Amino acid sequence: MSGGKEIFRARAVVKEYIPGRGFFGRSRRPVRALDGVDLSIDEGEVVALVGESGSGKSTFARIAVGLEPPTSGSIRLGGIDIAPGDKAALRAARRRMQIIFQDPSGSLNPRITAGEALAEVIRVHRRAPRRAAKEAAVDLLERVGLGGDDYRRYPHEFSGGQRQRIAIARSLAASPRFLVADEPLSALDVSIQAQILHLLIRLKKEFALTLLFITHNLAVVENIADRVAVLYRGRIQEEGPAGLLLRTPLHPYTKELVAAAVLFRPGGGRPVADLSSAVLPDPPAAEGCPFEPRCPIARARCVGARIEAIDTGGGRKVACLRATGEDTPA
Amino acid sequence: MPPLLDIEDLEVSFDVRGETIHAVDTVSLTVGEGEVVGLVGESGCGKSVTTLSVLRLLPRRTGRITGGAIRFGDDGIDLLALPEKEMNRIRGAKISMVFQEPMTALNPVLTCASQLDEVYRLHRGWKGATARAASIDLLAEVGIADPVATRRSYPHQLSGGMRQRVLLAMALACRPRLLIADEPTTALDATIQARILSLLSDVQRRHRMALLLISHDLGVVGALADRVAVMYAGEIVEEGPVSDVLVTPRHPYTRALLRALPVPGAGGGGMEPIEGNVPDGKAAGAMCRFAPRCTVARSECFRGHPVLLGRPGGGLCRCIPGVMNGDRR
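Quick mapping for you: the protein sequence lines, in order, are chains A and B.
For the record, in the first sequence the residue sitting at position 312 is 312 according to our numbering, with numbers rising by one throughout.
For the record, in the second sequence the residue sitting at position 103 is 103 according to our numbering, with numbers rising by one throughout.
Hint data in this document are derived by calculation from the structure and do not stem from the laboratory.
Every value quoted in this text rests on a predicted model; they were computed, and no experiment measured them.
Incorrect hints may have been included.
Stated by the list, open to error - Just the calculated beta-carbon pair ranges, DEER-fashion:
no., chain 1, residue 1, chain 2, residue 2, range
1, A, P296, B, T295, 57 to 65 Å
2, A, D149, B, L309, 37 to 45 Å
3, A, D139, B, G34, 53 to 61 Å
Said to hold, decoys possible - Computed far set for chain B versus chain A, every beta-carbon distance over 10 Å:
no., residue
4, V16
5, G32
6, E42
7, R61
8, T191
9, A260
10, L261
What the hints assert, rightly or not - Covered stretches of chain B (in silico footprint by chain A; criterion: 3 or more residues with CB under 8 Å from a CB of chain A, positions within the stretch not fixed):
no., segment
11, 113 to 125
12, 215 to 227
Glycine included, each C-beta is placed from N, C-alpha and C at the ideal position.
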C-alpha cells in the first residue's frame with residue numbers, strides 16, 4: 001500500500017484533559033491522553049490502532065473525525081486541516097468521514113426505525129428527496145446483510161450483531177471515504193465478531209473506503225489491517241506492516257500484546273507466568289519511556305530523555321532503545 | 001463419590017409478552033470436586049440461564065424452572081427443593097459467582113471495604129477488625145498491591161481489571177467449593193484478560209475449588225478447563241475432555257466456533273463467520289437445531305431431533321454424522 005496517496009494525516013497530536021477541580025477546589029495536574037501522535041494513512045489502506053484501556057486510542061478516534069479538538073497538533077483529511085475549529089471546513093469534511101462505536105445500542109436512537117435512521121442521514125448528507133432516500137436506505141440495509149423488511153423495525157428488535165450492521169450502514173449512508181471503527185467487535189460474540197469483520201472487509205472494497213480500525217485485541221487485526229500502530233499511554237510505540245509486526249514484534253509491549261493474543265487460542269497453551277504478574281504499575285513520573293515501569297528489559301537509560309520512534313526499515317518504526325540497539329554505547 | 005454439582009434434565013422457560021421461550025431444554029451437566037468445567041455457546045444459547053438456575057437467581061416474574069434437579073454437595077441435596085432461607089446459606093458461601101461486568105455487580109455507593117466485610121458478616125458473623133484483616137489478606141491474595149487503599153476505594157475509582165479482582169475476592173471470601181464465573185474477562189483488555197484468567201486458574205488450584213467457567217470464547221475455556229460442554233439453542237450439543245473436544249471436535253457447531261476464532265500470526269487465518277442466527281430451541285421441532293446453519297447437514301438431520309450419543313475420545317455428541325464418522329470435516 002505504500003506509495004499511495006495520503007488521505008489522513010495526524011501530526012504531533014497532543015490531547016490534555018484538565019480533571020475537574022478537586023473536592024476542596026484544588027486544581028489538578030492535566031492528564032495527557034495523547035502525547036505527540038503521528039499517523040498517516042494512504043487512500044484505500046486499513047490501519048489498525050492497537051492498545052489497552054487508557055492508551056488514548058478512543059481519544060484519538062474522536063479527534064481523528066473532529067468530534068473533539070486536539071490540544072495541539074493537526075489533523076488533515078484529504079489535505080484539509082480539520083483541527084482548528086473551522087466549522088464550515090469541519091462540516092464539509094464530516095461528509096467524507098464517519099465513525100462507528102463499540103456499543104451499537106448506544107449510538108442508535110431507540111425510537112427511530114432502522115430504515116428512518118438511514119434515510120435521515122441520506123437526506124441530509126446527499127441532499128436526496130424523501131423517496132430516493134428511502135430507496136437508498138433499503139439498498140444500504142441489504143448491502144450490510146439485513147433485509148428490506150428491517151426498514152420498519154426498531155433497534156431493540158435486533159440482536160447485537162444486527163445493531164452493529166445498522167450502525168455500519170448508517171455510517172456509510174453519508175458516502176464517506178474515511179471510516180473510523182472504534183472497537184466495533186468488542187461487545188460481540190466470537191462468531192458474530194467474525195461476521196462483522198468480514199462485512200467490514202467486503203464493504204471496504206465495495207465503497208472504496210480507507211479505514212482506521214481501533215482495537216485492544218491484536219488477534220483480530222491481521223485479518224483486516226495492512227498496517228498496525230501500537231499505542232501505549234498516548235504514544236505510538238511501534239508501527240509496521242501487520243504480518244511482520246505480529247510475527248516479529250520489536251517493542252516489549254507489542255511482544256506482550258502478541259503473547260496475550262496467542263495465549264487463548266487452541267493450542268496456545270495455559271497462562272504463562274510473565275503475564276500473571278500481579279498488578280500494573282503506576283504511570284511513569286516524567287519523561288522517558290512510558291512502558292519502562294512495566295518493561296522486563298528496561299535499563300537505566302530508558303528513564304529520563306524522551307524516546308523517539310526510529311525507522312528500522314521495511315516500513316517499520318519502533319520507540320524502544322533496547323529494540324533499536326540505541327542503548328549500547330558507541 | 002457423587003459429583004459436587006449434578007444438573008439433571010434441567011428445563012427453564014421464560015414468559016415474554018404471552019409467549020413461552022424455552023431457554024434451557026433437558027440440560028444435564030456435572031462438575032466434580034476440584035474440576036474445571038467450561039460451558040460454551042453464543043449469546044442466547046442458555047448458558048447463563050443454566051448457571052443462574054443453579055443459584056436460583058432467575059428473574060422471579062418471567063423465568064420458571066419447569067423440570068429437572070440440581071443436586072449439590074456430598075449428600076446431593078436438591079437445590080431446587082430447598083427453602084429460600086437455606087438457599088441463602090449456600091449462595092456466596094458454598095457456591096459463589098463472578099459476573100461479566102464488575103461495575104454492575106459492585107454497589108457504586110459503597111466502598112469495597114463495606115462490600116467485602118458484608119460477606120464476612122452475613123456468612124461468618126465476623127465484624128470489625130476480624131473482617132478487616134481477613135479482607136485485606138484476601139485482596140492481597142487476588143494480586144492487589146495495596147489492599148488497604150483498595151479497600152477504601154469506591155468501585156468507580158478502580159480500573160476494570162481491579163474491579164474484577166475485588167469481585168473475585170468477594171466470591172472467594174467464604175472459600176466456596178464451587179465458583180461459577182460467567183464471562184469473567186469479556187469486558188476486559190486482552191492483556192488484563194490474560195492476567196485475570198491466570199489468577200483464576202491459580203486460585204482454583206490452590207484451593208482445590210471446582211470452577212464452572214462460562215464463555216463464548218472456546219480459546220478462553222481451552223486454556224483453563226478440564227472438560228467442556230458446548231451449548232446450542234438451549235441444549236448441550238457436545239461435551240467431553242477439553243484435550244479431545246477442542247482438538248478433534250465431532251459436532252459441526254463446535255468446529256464452527258473454533259473456526260470463528262482468530263489465528264494470530266497465520267496471515268489472517270481463522271475468523272470464519274457462522275452465518276444465520278440461533279433459533280428458539282424447542283420451537284425448531286423434530287430436527288437438528290443446528291441443521292439450518294450446518295455446512296454438512298444431510299436430509300436425515302431435518303427429519304429427527306438427534307440425541308446425545310457417546311463420542312470417540314470420551315464424552316457425548318448430539319450429531320448423527322459427527323458420531324458415526326468423527327473425523328470427516
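Status of the hints after comparison with the structure:
no.	hint	in the structure
1	A:P296 <-> B:T295: 57 to 65 Å	violated, 44 Å
2	A:D149 <-> B:L309: 37 to 45 Å	holds, 39 Å
3	A:D139 <-> B:G34: 53 to 61 Å	holds, 57 Å
4	V16	holds, 13 Å
5	G32	holds, 19 Å
6	E42	violated, 5 Å
7	R61	holds, 19 Å
8	T191	violated, 5 Å
9	A260	violated, 4 Å
10	L261	violated, 6 Å
11	113 to 125	violated (count 0)
12	215 to 227	holds (count 8)
Hint check: violations occur at hints 1, 6, 8, 9, 10, 11; the rest are consistent with the structure.
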